Amino acid sequence: MSTFKHIGKDFIPHDVVAKVTGTAKYAEDFRADGMVFCKLLTSPMPHARVKNIDAAEALKMEGVLGMITADDIPAGPPGFAPSLTREPMYVGEPILAVAALSEQAAEDAIERIKIDYEPLPFTFDPLESLFPGGKDARGDGFNTGTLAGLPPGKIKWTAADFARVKTGDELPMGKPAEEWNYGDVEAQFKQCKVVYEERFVTASLAHHSMEPRTCMAYWQNGKCFVHASLQSQSFALPPLAQMLGVKPEEVVLIAEYCGGGFGSKGSAYPSMVIPAYMSKKLGKPVMMRISRAEEYYLGSARNAFQGNIKIGFDASGKLLAADVYVVQDSGAHISFWDYRAFGDALALVYQPKAMRWRGVPIFCNAPTRTAQRGPGQNQLACIMEPLVDRAARELKLDRVEIRKRNNPVNGSLAGGDEGKRGPVTSAYIKEALDKGRARFNWDERKKKSGQKNGPRVTGIGVGQAFHPAGFAGFDGLLCLKPDGKLHIHTGVGNLGTFSHSGTARIAAEVLKVDWENCVIERGDSRKNLPWNIGQFGSNTSYTMTRTNFVAAQDMLAKLKEIAAQDLGGKPDDYDVDGAKVFVKANPSKSLSYGDAAKRAIALGGRFDGHELPKDINPMTQASATALAGQGLIGVAKDNLPWSGQPAAFAACFIEIELDLETGMHRIVDLVSVADCGTVIHPMGLATQIKGGAVQGVGMATLERLVFDPQNGLPANVGFHQQKPPSYLDLPTEMFTDAVDKADPSNPVGAKGVGEPLLGASASALLCAISDAMGGHVFNRTPVLPDMIVNQMAGRPQPRKPLSINTQ
Amino acid sequence: MSQPTATDAAPERAPGFSRREFIKRVIASGATVSAAAYLYGGLTGCGRKGRAAGGVERLISLSVNGQVRRVDVLPNETLAMTLRYKLGLTGTKLGCDRGECGACTVVIDDIAYNSCSTLTHTVRTRKVLTIEGLASASGELHPVQKAFVAELAPQCGFCTPGQVMSAVALLKHNPKPTRDQARLAMSGNLCRCGAYDNYLNGVMRAAAEGGAA
Numbered sequence: 111m112s113t114f115k116h117i118g119k120d121f122i123p124h125d126v127v128a129k130v131t132g133t134a135k136y137a138e139d140f141r142a143d144g145m146v147f148c149k150l151l152t153s154p155m156p157h158a159r160v161k162n163i164d165a166a167e168a169l170k171m172e173g174v175l176g177m178i179t180a181d182d183i184p185a186g187p188p189g190f191a192p193s194l195t196r197e198p199m200y201v202g203e204p205i206l207a208v209a210a211l212s213e214q215a216a217e218d219a220i221e222r223i224k225i226d227y228e229p230l231p232f233t234f235d236p237l238e239s240l241f242p243g244g245k246d247a248r249g250d251g252f253n254t255g256t257l258a259g260l261p262p263g264k265i266k267w268t269a270a271d272f273a274r275v276k277t278g279d280e281l282p283m284g285k286p287a288e289e290w291n292y293g294d295v296e297a298q299f300k301q302c303k304v305v306y307e308e309r310f311v312t313a314s315l316a317h318h319s320m321e322p323r324t325c326m327a328y329w330q331n332g333k334c335f336v337h338a339s340l341q342s343q344s345f346a347l348p349p350l351a352q353m354l355g356v357k358p359e360e361v362v363l364i365a366e367y368c369g370g371g372f373g374s375k376g377s378a379y380p381s382m383v384i385p386a387y388m389s390k391k392l393g394k395p396v397m398m399r400i401s402r403a404e405e406y407y408l409g410s411a412r413n414a415f416q417g418n419i420k421i422g423f424d425a426s427g428k429l430l431a432a433d434v435y436v437v438q439d440s441g442a443h444i445s446f447w448d449y450r451a452f453g454d455a456l457a458l459v460y461q462p463k464a465m466r467w468r469g470v471p472i473f474c475n476a477p478t479r480t481a482q483r484g485p486g487q488n489q490l491a492c493i494m495e496p497l498v499d500r501a502a503r504e505l506k507l508d509r510v511e512i513r514k515r516n517n518p519v520n521g522s523l524a525g526g527d528e529g530k531r532g533p534v535t536s537a538y539i540k541e542a543l544d545k546g547r548a549r550f551n552w553d554e555r556k557k558k559s560g561q562k563n564g565p566r567v568t569g570i571g572v573g574q575a576f577h578p579a580g581f582a583g584f585d586g587l588l589c590l591k592p593d594g595k596l597h598i599h600t601g602v603g604n605l606g607t608f609s610h611s612g613t614a615r616i617a618a619e620v621l622k623v624d625w626e627n628c629v630i631e632r633g634d635s636r637k638n639l640p641w642n643i644g645q646f647g648s649n650t651s652y653t654m655t656r657t658n659f660v661a662a663q664d665m666l667a668k669l670k671e672i673a674a675q676d677l678g679g680k681p682d683d684y685d686v687d688g689a690k691v692f693v694k695a696n697p698s699k700s701l702s703y704g705d706a707a708k709r710a711i712a713l714g715g716r717f718d719g720h721e722l723p724k725d726i727n728p729m730t731q732a733s734a735t736a737l738a739g740q741g742l743i744g745v746a747k748d749n750l751p752w753s754g755q756p757a758a759f760a761a762c763f764i765e766i767e768l769d770l771e772t773g774m775h776r777i778v779d780l781v782s783v784a785d786c787g788t789v790i791h792p793m794g795l796a797t798q799i800k801g802g803a804v805q806g807v808g809m810a811t812l813e814r815l816v817f818d819p820q821n822g823l824p825a826n827v828g829f830h831q832q833k834p835p836s837y838l839d840l841p842t843e844m845f846t847d848a849v850d851k852a853d854p855s856n857p858v859g860a861k862g863v864g865e866p867l868l869g870a871s872a873s874a875l876l877c878a879i880s881d882a883m884g885g886h887v888f889n890r891t892p893v894l895p896d897m898i899v900n901q902m903a904g905r906p907q908p909r910k911p912l913s914i915n916t917q
Numbered sequence: 005m006s007q008p009t010a011t012d013a014a015p016e017r018a019p020g021f022s023r024r025e026f027i028k029r030v031i032a033s034g035a036t037v038s039a040a041a042y043l044y045g046g047l048t049g050c051g052r053k054g055r056a057a058g059g060v061e062r063l064i065s066l067s068v069n070g071q072v073r074r075v076d077v078l079p080n081e082t083l084a085m086t087l088r089y090k091l092g093l094t095g096t097k098l099g100c101d102r103g104e105c106g107a108c109t110v111v112i113d114d115i116a117y118n119s120c121s122t123l124t125h126t127v128r129t130r131k132v133l134t135i136e137g138l139a140s141a142s143g144e145l146h147p148v149q150k151a152f153v154a155e156l157a158p159q160c161g162f163c164t165p166g167q168v169m170s171a172v173a174l175l176k177h178n179p180k181p182t183r184d185q186a187r188l189a190m191s192g193n194l195c196r197c198g199a200y201d202n203y204l205n206g207v208m209r210a211a212a213e214g215g216a217a
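Note that the protein sequences, when read in sequence, are chains A and B. Residue numbering for the first sequence follows this note's numbering, beginning at 111 and increasing consecutively. Residue numbering for the second sequence follows this note's numbering, beginning at 5 and increasing consecutively.
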């Protein structure tokens, strides 16, 4: 490790100063000459058909420029959220947009538009839609479907399925949409010392990005310029172009800064093309500011679950068998596959000897949902970890030990389906637990468990979580210019992790370039960016270290070739350092990087980008071609060997004081530890770990979407009503650590980090609450103060075990 | 309509005679910033112009970042909108527009305010300081900004200007806060990335290094 020049060392990313000075430009900070504003008219009903739109009076109003409806924007694939619709399926779904010289004029015009709605049946409970003859959320006949692998369809269970159970208390478990199993589940359950079967609910919660998804767009010289709030850059461009009905090269996408996404801005989303279509119609730049309330409608939320979990442990605490059924409330349109990830994560993190998973996603009349930091895996952590504690309590085992007894190690199998299970590239969750245990002083501190101080009781909790942590097969692109500067082109987004720079430093590492001589090119599709995956799924650290590594290897080989041509000998005789390529045996014989770049331009061909590898993506081809002749080009597709599932893990330890009279808790101490392979950027990692922990506190105890089941109205569309954690919900100081063991499948040992950090803290906090209550498990997120007060007072809970979308 | 071109709200570069330079001179010569509306292509913002319910714009003088800025303001216009859409100061962010998140925090007479919930007319006799007014004329960052850089305080950065301004106001009144005092003073600023601990590290570093400057 000590031989690294950049990896594992702190640095100041180039965009930090812009962020603290206010010069960082987010979508709403851009202006264009002649820019006008548009506003959305959104549905007041959870499900309706728009029979007629009368905008005659509105369009005559002063300053009003025009209107677009669903007729002006081509519909997407069946089941997917449209930009504008004639069949709104949730309160807040956009129906039309009006543009005017000022935003107020647009709002005034919208108030004058008369719409005839035909109210349609709606539902907020998947079990209602699964019931034979029960109401469905959509009028197109679909009640199920997922982003990939499960086309839109219809699933109804039988009356007999429902007759078997007590409604609201037990899950009927009819035919699933998907299922898998491995091992002999029934036989393993028979071997168990303890078996638990529980119903559970995990609530939906908003992504709560601080920047609402405002967008500004205009057309110029046949191209559409889009200033958007996106987590991703290159990856979002082709789908955006498709939604705009143009070729990717006809879109200029500027997404240099993004005010938070957490999964909700991973790729192009339907609302962002509204200003572009409006602009095309008016011939003027259009700004569509999204309000905070609208962000609750358009901004996505985590998929909610109703489920049944049955698990069994032997006397040693080994999980022998698991049988889970997940019913996913997917919102109104096609959503992410959280329900699959729930099962996959259980199979990996706890390594049961036999397991069956069943799942079905069902549409409800709630706003569109999508992946949210650890989609599925973190719901699993919240439900499973407190049950592991219950087993530890009953079997009289240490809670860290029982986790380690089940945890995967290097090469353990991931995935669920028999025959499709494959090894993880590395797993150091046991090491993360050990590191946290020492740092937290678990063995001493757990003795405080249950100590009373007036109405306040101490609770100690440990939690853990997992997320897949990387992809392969994308492109790297570098240009070394005659002034000796290394331009690192990266198509990754700017989610605020600073990994656009952290991963770029791998190129600087390979080529031994000082960081001051590196220029990061990113954030604007005109900057000749390579084809890269989006900044989601905890993948950037893994995927983008690989792309920058292969591009740097390509450049390194070319540097040595050029030096050998000019100075004699073979390429292998050369090495690089100090911005020079030199003869190993005689370092004084050298060529500066600047001179090598000049020679590359003179040589042309593959040296300066006039000839390119055949296997790179067309986007990278175009970008490299635009750079051709400007310097020495390093460009390659990541063809490095890739087998196994990169896996990120996290462990978290929390001490709380729980006030049994009010149900409120205070976090006294929090230690979170990441297993993310080699640490690339220590400060960046520490802030990611803490940020994930903060969001976990929100998921476990604060945030959830609530709807009025009678009228289908959302009850909480503001920060005060659905409060994310603030400074005062956290301890005064937070502590982090990392295992820092290299993943063997990555050239620098890196793997992803972001998502399990949330699930680890959320589950640790739930376990701490359970601990303070003497082991009571709620099987529900979030755990709210009234639930705690009711439980301690021996009163029944107002919610049935499977109540969903309720307060 | 002329061909649109994307520009920053306050364009930095233009051949010969920059817009910023021009605007500065307009301001210096006592002319009104109404000219900016022309320059920004009729960007009278999101207010209603000359409409009955909102009344009419009135020309007032504001003290913003040590400069007198003459600007036409509607009776119901918030300071955040005036700053962002009439004065080109887009560093002040709008996260909720209803006083819940703190992203729009500015300092008025040394006190932190939500500019989304402050009517521009109410600050006519007061000194407004925004994120753009913190660095010195030579570009040297304010101690709070320096500390936030050193502690890698921001993540996505959208709430950062508000966090900086809350910290600046805190240190004006309490140059050596305890960590708990700082936490309380900053608690009106939400950060979804969860960078609170790093922001607090930044506040404490700024305090230690004389952040009240």
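Treat the hints as calculated values from the structure; they're not laboratory data. Please note that the accuracy of each hint is not assured.
To be verified - Listed below are several chain B residues computed to face chain A (Cβ distance under 10 angstroms; list not exhaustive):
{"id": "1", "residue": "Tyr89"}
{"id": "2", "residue": "Arg102"}
{"id": "3", "residue": "Val148"}
{"id": "4", "residue": "Thr164"}
{"id": "5", "residue": "Arg196"}
{"id": "6", "residue": "Gly198"}
Said to hold, decoys possible - Below 25 angstroms or equal to it, Euclidean Cα-Cα: the simulated DSS-like pairs (lysine-lysine) are:
{"id": "7", "chain 1": "A", "residue 1": "Lys135", "chain 2": "B", "residue 2": "Lys176"}
{"id": "8", "chain 1": "A", "residue 1": "Lys119", "chain 2": "B", "residue 2": "Lys150"}
{"id": "9", "chain 1": "A", "residue 1": "Lys514", "chain 2": "A", "residue 2": "Lys562"}
{"id": "10", "chain 1": "A", "residue 1": "Lys390", "chain 2": "A", "residue 2": "Lys170"}
Predicted model, so just to flag it, every value in this text is computed and none were measured. We put the beta carbon where it would ideally sit given N, CA and C, even for glycine.
Comparing the hints with the structure gives:
Interface hint at Tyr89 (chain B): satisfied, since its Cβ lies 9 angstroms from the closest Cβ of chain A, which is below the 10 angstroms cut-off. Using the Cβ-Cβ criterion of 10 angstroms, the hint placing Arg102 (chain B) at the interface with chain A is satisfied: the shortest such distance is roughly 7 angstroms. For the restraint placing Val148 (chain B) at the interface with chain A, the shortest Cβ-Cβ distance is roughly 8 angstroms, inside the 10 angstroms limit, so the hint holds. Nearest Cβ of chain A to the Cβ of Thr164 (chain B): about 5 angstroms, under the 10 angstroms cut. The hint holds.
Given the 10 angstroms rule on beta carbons, the hint for Arg196 (chain B) holds: about 5 angstroms separates it from the nearest Cβ of chain A. Hint status for Gly198 (chain B) relative to chain A: holds, with the closest Cβ pair at about 3 angstroms, below 10 angstroms. A hinted pair counts as satisfied when its Cα atoms are at most 25 angstroms apart, and Lys135 (chain A) with Lys176 (chain B) does not qualify at roughly 28 angstroms. A threshold of 25 angstroms between alpha carbons decides the hint, and for Lys119 (chain A) with Lys150 (chain B) the separation of about 20 angstroms falls inside it, so the pair holds.
Restraint check: the Cα-Cα separation between Lys514 (chain A) and Lys562 (chain A) comes to about 30 angstroms, which exceeds 25 angstroms; the hinted pair is violated. For the hint pairing Lys390 (chain A) with Lys170 (chain A), the CA-to-CA distance comes to about 20 angstroms; that is within 25 angstroms, so the pair holds.
Going down the numbered hints, you'll see the structure goes against 7 and 9, while the others check out.
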